[in-house]
Amino acid sequence: MKDSTIYQRPESLQDVPTHYCPGCGHGTAHRLIAEVIDELGIRERTVGIAPVGCAVLAYDYFNFDVTEAAHGRPPAVATGMKRVRPELIIFTYQGDGDLAAIGIAETIHAANRGEKITVIFVNNGIYGMTGGQMAPTTLIDQKTATSPLGRSFQNEGPPLKVCEMLAPLDGTAYIARGALNKPANILKAREYIKQAFLNQIEGRRFSLVELLSACPTYWHLTPGDSMKKITEEVIPNFPLGVIKDER
Amino acid sequence: MSKMHALTGNEAAAYAMKQIDPDVVPAYPITPQTELMQTFAQYVADGAVQTEMILVESEHSAMSAGVGASAAGARVMIATSANGLALMWEIVYITASSRLPIVMAVVNRALSGPINIHCDHSDSMGCRDAGWIQIYSENCQEVYDNMVQALRISEHKDVLLPVMSTHDGFIISHTVERVDALKDEEVKKFVGEYKSLYPLLDVSKPVTYGPLDLQDYYFEHKKQQAEAMKIAKRVILEVGEEYGKLSGRSYGLFDEYQTEDAEYIIIALGSTAGTAKAAVDDMRAMGKKVGVIKLRVFRPFPAPELVQALSNAKAVAVLDRSEGFSGIGGPLFQEVRSALYRKADMPVSGYVYGLGGRDITPEMIAGVFGDLKEGRIHEDEAFHLGVRE
Ligand SMILES: Cc1ncc(C[n+]2csc(CCOP(=O)(O)OP(=O)(O)O)c2C)c(N)n1
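Sequence order for the protein chains is A and B.
Residue 119 in this note's numbering sits at position 119 of the first sequence; the count goes up by one each step and never skips.
Residue 159 in this note's numbering sits at position 159 of the second sequence; the count goes up by one each step and never skips.
In case anyone wonders, no lab produced these hints; they're calculated from the structure.
Heads up, some of the hints might be wrong.
To be verified - Label-pair restraints from in silico Cβ distances:
| # | chain 1 | residue 1 | chain 2 | residue 2 | range |
| --- | --- | --- | --- | --- | --- |
| 1 | A | 114 | B | 230 | 51 to 59 Å |
| 2 | A | 19 | B | 356 | 49 to 57 Å |
| 3 | B | 361 | A | 203 | 53 to 61 Å |
| 4 | A | 114 | B | 356 | 33 to 41 Å |
| 5 | A | 109 | B | 115 | 18 to 26 Å |
| 6 | A | 109 | B | 249 | 49 to 57 Å |
| 7 | B | 338 | A | 22 | 51 to 59 Å |
| 8 | A | 113 | B | 178 | 50 to 58 Å |
If you're wondering where the values come from, they're calculated on a predicted model, not measured in any experiment.
The beta-carbon is built from N, C-alpha and C at its ideal position, and this holds for glycine as well.
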């Protein structure tokens, strides 16, 4: 009988429902990573580092080994692991609070040292896990639980552009930004993720992919309106594309 | 005249902060403290306070911003839980040694790892040697009352030590209770204007905060902190009494419940004291002579006062909501046992309970009283109450 399967659960994902809210980007991001790991045939030598944030339970969803790190510390944990087991494929999975606020020092120094790791950075512009407070990536005028009048440039500064900040560092090999708001962007994001893993397989240095992602629950929007917000407000602040490719 | 409110513990703390209207509040969210800061952020946005609220990138920075603001002469209040407090650690000590009167609400949560968001006292107990005054609250009313008093204690010129005012995560922080709040003007008057004794840029009296302090003076400075902690005991009592005159609710170092003729006494911190009081009521109804001491102030530790309060008991049990990993028992047990050193005939029994939010019930507390009565005393090694073997 001819196999006519055109879509199935990647082996790198477990067959379980997730706890993510409707319209949240974490599920899509998990799937893209899982597909890429399957495609590259590295499932049995990949280790993920899970963040503290909404993706804290990522180890329940990925079907490979995952280590939990304290809030903001995944790049440091990944560094330790990769230095001891360079043959493994190590990636961190981090939110914008984890990577760009509390853990920004680890991010910059892992990048600057040129650690041969892959960083997947899910930017939803908010601290989702703790209930929707302002993050470094929150847009100007965006209302959050800790900025009820909207983020102000004067008090809180502009949204932090992590990719543009890291790209000039000599330690970084690959920096790209995708968005999880529509199929065309999601397919593009998948390419970036694949390249970021390929770089590690081929021994290149620090690779980071930022994924612009929705948090309908704390943006107080429907999933559909959240996707529109990414198109109309988030992407103009965080331009998409490959920002650095050393190859 | 006061006003009744229905508030969670976090809202009660935020409400006290609103009435105090501190100059600076640095904030970083962590469960279960989050609602406290969100409620306060709303007060800021509504213009109900004049506070400069700084949304920083981590707790380490939050406490550091607090140090900077306080050294510059501002009244600073702050809040955190568990890992947030752990990340502040370095600056927690620096705040105390710089003698900066910062008040911090600690919403007690189990420290990682493993990751857990529910209540135990491992976070604040980890800071017991940091040089902060520590006050534990039993319910939402006490959260409010203690926040207001904490500031007065902290800023007292003979004390000048930071204060942690703690309440149990979720059990108190997320539970709505009746809170009898003072009027805004009453709180304003009670806490008064804050005037730093050693402000920056007083050119006739230049100061340095946190300088290098080696073999020459470090030791003397530590001794001064220890002395201030001793004086704090007196000030805590004075402030507690003055607050009582204002509110009808006076406060001491600990609270004695049915202890006068009690043969068996349990000592506990926080919300568990309330559970223990309920257990005592049930047992008293059956004619059992039991009582509870709720320790309000853990730092400074009221050792002689406790010894006095326990002088007629036949045996005492100490309930710790944190593990000390000493092989002996939790921090409260060790302090009480050491306080009772000269009363060699007093059996002191240690229990560790409720880690990571595990429930403690009146039945379990009745069981502890039963142990005391029947002479099952855990004096060399605390018993883990409610754990599965
Ligand atoms: C030291 C420390 N401080 C604060 C927290 C509380 N905390 C948990 S998750 C989180 C924010 C997560 O936001 P983000 O990284 O953007 O991920 P998201 O939940 O939005 O996916 C915070 C502040 C913590 N766990 N540890």
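TODO: Indicate whether the distance between the beta carbons of residue 338 of chain B and residue 22 of chain A respects the range 51 to 59 Å.
DONE: Cβ of residue 338 of chain B to Cβ of residue 22 of chain A: about 56 Å, so the range 51 to 59 Å holds.
- [ ] Take the C-beta atom of residue 19 of chain A and the C-beta atom of residue 356 of chain B, compute their distance, and say whether it sits inside 49 to 57 Å.
- [x] Because 20 Å falls outside the window, the suggested range is violated.
- [ ] Using the beta carbons of residue 361 of chain B and residue 203 of chain A, state whether their distance is inside 53 to 61 Å or not.
- [x] Distance hint for residue 361 of chain B, residue 203 of chain A holds at roughly 58 Å.
Open item on the list: I want to verify a distance hint. Is the separation of the beta carbons of residue 114 of chain A and residue 230 of chain B within 51 to 59 Å?
Closed with: 54 Å, holds
Open item on the list: Quick check on a hinted range of 49 to 57 Å for residue 109 of chain A and residue 249 of chain B, using CB atoms only.
Closed with: 51 Å, holds
Task: C-beta pair residue 113 of chain A, residue 178 of chain B: status relative to the range 50 to 58 Å that was hinted - done: 56 Å, holds
Task: Cβ separation of residue 114 of chain A and residue 356 of chain B, checked against the hinted range 33 to 41 Å - done: 39 Å, holds
Task: residue 109 of chain A versus residue 115 of chain B beta-carbon gap, inside 18 to 26 Å or not - done: 24 Å, holds
Hint 2 from the list above is the single one not met by this structure.
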